[in-house]
Amino acid sequence: MQRREFLATSAGLLTTGLASCAKGEKKPTIGVSVMTLGNPFFKVIGDHITSEAKTHGYDTQVVDGAQDADKQFKQVEDFIVQEVQAIVLCPVDARAVGTAIAKANAAGIPVFTTDTACLDKKVKVECNIATDNYGGGKLAGEAMIEALKPNGGEVLVLHYPQAQSCQDRVKGFTEVIDAYNAGRETGKITIDQKLDGNGAKKEGRDATLDTLNNSTLNIAGIFAINDPSALGAYGALESSKATDKIKIIAFDGQPEGKLAVRDGKIFAEPIQFPTVMAKKTVEQIMAYLNGKKIESELLIPAKLYRKADAEQDANINQWS
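In this note's numbering, the protein residues as written are 12 to 331.
It is worth saying that the hints were derived from the structure and are not from the lab.
Quick caveat: nothing in here was measured; it's all calculated off a predicted structure.
Heads up, a few of these hints could be off.
As the list claims (entries may be wrong) - Using 20 angstroms as the maximum straight-line C-alpha spacing, the simulated SDA-like pairs for lysine to any residue come out as follows:
id, residue 1, residue 2
1, LYS290, LEU310
2, LYS135, THR110
3, LYS182, ASP203
4, LYS132, PRO172
5, LYS132, ILE305
6, LYS114, ASP79
7, LYS290, ASP70
8, LYS38, GLN78
9, LYS205, ASP131
10, LYS291, LYS160
11, LYS276, ASP255
12, LYS182, GLU153
13, LYS160, LYS276
14, LYS291, ILE305
Build the full structure now, drawing on both the sequences and the hints.
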């Protein structure tokens with residue numbers, strides 16, 4: 012019997028007969044390795060995969076990749092030893108993660124990616140569930156135009172190039188800015204510098220401070236690929252007394268980010284829906300294990316979130 016057929020059969024039995032399992036019998040498990048639990052976005056994904064999987068009779072083991080590709084590889088090896096029924100990865104490195112996925116493929120364990128796709132085309136990922144990051148990046152570009160019109164100005168991008176999701180965001184952002192500039196003589200918006208803010212508050216602050224202190228650029232705007240780096244950038248602007256001169260466009264929709272939009276610290280941001288992402292991930296896993304055909308990718312549209320949205324948001328302290 013092929014492993015997928017075996018998994019489908021066992022999943023069906025679990026669905027219909029889980030209540031009759033002997034007390035103490037080990038439940039089937041889904042292994043989840045996220046990029047970093049230091050970013051609340053990934054904790055939300057892990058928590059909601061756990062709660063959703065529980066409704067299907069599955070345990071989960073959620074571990075912290077700690078932004079270390081080697082550590083994530085070892086975590087996948089541990090999942091294989093434990094003979095989990097499926098593995099979910101929020102890749103630390105979109106290309107390097109292929110080595111870990113190849114190991115899972117060889118063991119016959121299905122792999123799903125959430126938030127960031129694997130760039131290694133030689134390996135098999137059953138489904139990638141993510142935000143439409145390219146479309147979200149375009150929304151961020153539109154927001155930057157809105158923030159800097161009519162004068163335009165120079166823009167700093169706080170990137171995290173190891174993640175395909177962030178590459179897609181920056182690509183969409185850049186394309187919108189380039190289209191805006193086409194044929195324009197004045198008021199252009201120029202992307203003069205892209206720095207790795209590591210997707211974190213401290214590194215975002217440090218990169219912004221370095222630019223403000225050591226660059227001849229006259230920065231008018233900052234596009235940060237997530238809320239932590241955007242909030243770090245705002246801290247740098249506070250230190251430099253430049254909060255009234257430079258507009259920040261973020262990306263995420265963390266409660267802290269939404270509050271910053273409400274308070275005028277961040278001009279606007281495309282927001283993601285990690286709770287939806289987690290639910291869709293589990294839905295795809297259950298469908299696969301039950302022998303159903305699934306799509307190779309599910310993209311969830313982002314939504315541009317402005318100050319007016321924040322002021323009317325009754326759930327501003329929660330993830331969407």
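Taking the hints in turn, this is what the structure says about them:
no., hint, result
1, LYS290 / LEU310, "13 angstroms, holds"
2, LYS135 / THR110, "11 angstroms, holds"
3, LYS182 / ASP203, "15 angstroms, holds"
4, LYS132 / PRO172, "19 angstroms, holds"
5, LYS132 / ILE305, "18 angstroms, holds"
6, LYS114 / ASP79, "17 angstroms, holds"
7, LYS290 / ASP70, "15 angstroms, holds"
8, LYS38 / GLN78, "29 angstroms, violated"
9, LYS205 / ASP131, "25 angstroms, violated"
10, LYS291 / LYS160, "38 angstroms, violated"
11, LYS276 / ASP255, "9 angstroms, holds"
12, LYS182 / GLU153, "13 angstroms, holds"
13, LYS160 / LYS276, "18 angstroms, holds"
14, LYS291 / ILE305, "11 angstroms, holds"
Hints 8, 9 and 10 from the earlier list are contradicted by this structure; the remaining hints agree with it.
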